[in-house]
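Enquirer: Could you put together the complete structure from these sequences and hints?
This note's numbering puts the sequence shown at residues 13 to 154.
Worth flagging that the hints you see were computed from the coordinates, not collected in a lab. Where hints are given, some of them may not hold.
Unchecked claim - 35 Å max Cα-Cα, derived DSBU-like pairs, lysine-lysine:
hint	residue 1	residue 2
1	LYS119	LYS140
2	LYS20	LYS59
3	LYS119	LYS20
4	LYS73	LYS101
5	LYS119	LYS83
6	LYS99	LYS140
7	LYS101	LYS119
8	LYS119	LYS73
9	LYS99	LYS73
10	LYS101	LYS20
11	LYS59	LYS101
12	LYS101	LYS83
13	LYS59	LYS119
14	LYS73	LYS59
15	LYS119	LYS99
16	LYS20	LYS140
17	LYS83	LYS99
18	LYS20	LYS99
19	LYS20	LYS73
20	LYS99	LYS59
21	LYS140	LYS59
22	LYS83	LYS140
To be verified - For each label pair, taking beta carbons as the anchor points, the in silico distance ranges come out as:
hint	residue 1	residue 2	range
23	GLU61	GLN117	18 to 28 Å
24	LYS101	VAL19	39 to 49 Å
25	VAL150	GLY25	16 to 26 Å
26	GLN148	GLN86	31 to 41 Å
27	GLY25	ARG149	33 to 43 Å
28	LYS119	PRO56	15 to 25 Å
29	ASP118	THR65	32 to 42 Å
30	ASP85	VAL150	35 to 45 Å
Glycine is no exception: its CB is placed at the ideal position from the N, C-alpha and C atoms.
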Amino acid sequence: MSNQAIVKEYSNGEVTIIWQPAKCIHSTICFRHLPEVFNPQQRPWVKVEAASTERLIEQVKNCPSGALSYKMDQKAQAEPNKAEVVKVKLAPNGPLIVQGTIEVQDKNGTTTTHTMTALCRCGASANKPYCDGSHQRVGFTD
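Expert: Next comes the structure, spelled out in C-alpha cells:
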C-alpha cells in the first residue's frame, strides 16, 4: 500500500482524529505541543484518550500540512459553518501553508479539495504541488 493511500483514524467517542501520512511535512508541532497524545516512538502513535476533546481539536488545527484533521463523532457537536477566509502563510525555509478550503486541479483535470495543505516551494517534492518535507533534505532556505 502506498503512503498516499494510508488514512488512520483515532476516536475518543466525541472526536475522531484523522492522520494522512502522505500529507505530513514533519514539522513536529503535534508532538512538541501535545506529547502525551502524539508520540512517534509508540504504536499507535496517537493516544486520543490522553487529552480532552478541546485540546485535541486545538492541536490538530495547528497542523500546518493538514496531515492531521478531525471530525466530530456526534453531528450536534460539530462546529457551525462560518464564512471562511483562506490564509496563505510562508513557513520559514519551508512550504506555503494554505488554511481554508481550496481546490487544486492537477494536469489531468482532477480536482482535489483541501481545508488545509502545504504547497512545495523548494521544487524537490516527490508529491508536487504538495510539500513532502524534502526542503529539509535539500537544505532549502529563503
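Enquirer: So, for every hint listed, does it hold in this structure?
Expert: We went through each hint and held it up to the structure:
1. LYS119 with LYS140: OK: LYS119 and LYS140 at ~11 Å, within 35 Å.
2. LYS20 with LYS59: holds, 12 Å
3. LYS119 with LYS20: holds, 28 Å
4. LYS73 with LYS101: Roughly 14 Å between the alpha carbons, so the hint for LYS73 and LYS101 holds.
5. LYS119 with LYS83: holds, 30 Å
6. LYS99 with LYS140: holds, 20 Å
7. LYS101 with LYS119: At roughly 25 Å apart (the allowed maximum being 35 Å), LYS119 and LYS101 satisfy the hint.
8. LYS119 with LYS73: holds, 30 Å
9. LYS99 with LYS73: Holds - the C-alpha atoms of LYS73 and LYS99 are around 13 Å apart, at most 35 Å.
10. LYS101 with LYS20: Holds. LYS101 to LYS20 sits at ~27 Å (cutoff 35 Å).
11. LYS59 with LYS101: Given that 35 Å is the threshold and the Cα spacing comes to 29 Å, the pair holds.
12. LYS101 with LYS83: holds, 24 Å
13. LYS59 with LYS119: Outside the cut-off at roughly 38 Å; violated.
14. LYS73 with LYS59: At roughly 17 Å apart (the allowed maximum being 35 Å), LYS59 and LYS73 satisfy the hint.
15. LYS119 with LYS99: holds, 24 Å
16. LYS20 with LYS140: holds, 22 Å
17. LYS83 with LYS99: Holds, because 21 Å separates the two Cα atoms, which is no more than 35 Å.
18. LYS20 with LYS99: With a Cα-Cα distance of about 27 Å, the restraint between LYS20 and LYS99 holds, given a limit of 35 Å.
19. LYS20 with LYS73: Measuring from Cα to Cα gives roughly 17 Å; hence the hint holds.
20. LYS99 with LYS59: holds, 30 Å
21. LYS140 with LYS59: It holds: about 31 Å lies between the C-alpha atoms, which stays within 35 Å.
22. LYS83 with LYS140: holds, 27 Å
23. GLU61 with GLN117: 18 to 28 Å: violated, 40 Å
24. LYS101 with VAL19: 39 to 49 Å: violated, 25 Å
25. VAL150 with GLY25: 16 to 26 Å: For GLY25 against VAL150, whose Cβ atoms are near 43 Å apart, the range 16 to 26 Å is violated.
26. GLN148 with GLN86: 31 to 41 Å: This hint holds: roughly 39 Å between Cβ atoms.
27. GLY25 with ARG149: 33 to 43 Å: holds, 39 Å
28. LYS119 with PRO56: 15 to 25 Å: Violated: the Cβ-Cβ distance is about 36 Å, outside 15 to 25 Å.
29. ASP118 with THR65: 32 to 42 Å: Since ASP118 and THR65 have Cβ atoms about 35 Å apart, the given range 32 to 42 Å holds.
30. ASP85 with VAL150: 35 to 45 Å: holds, 40 Å
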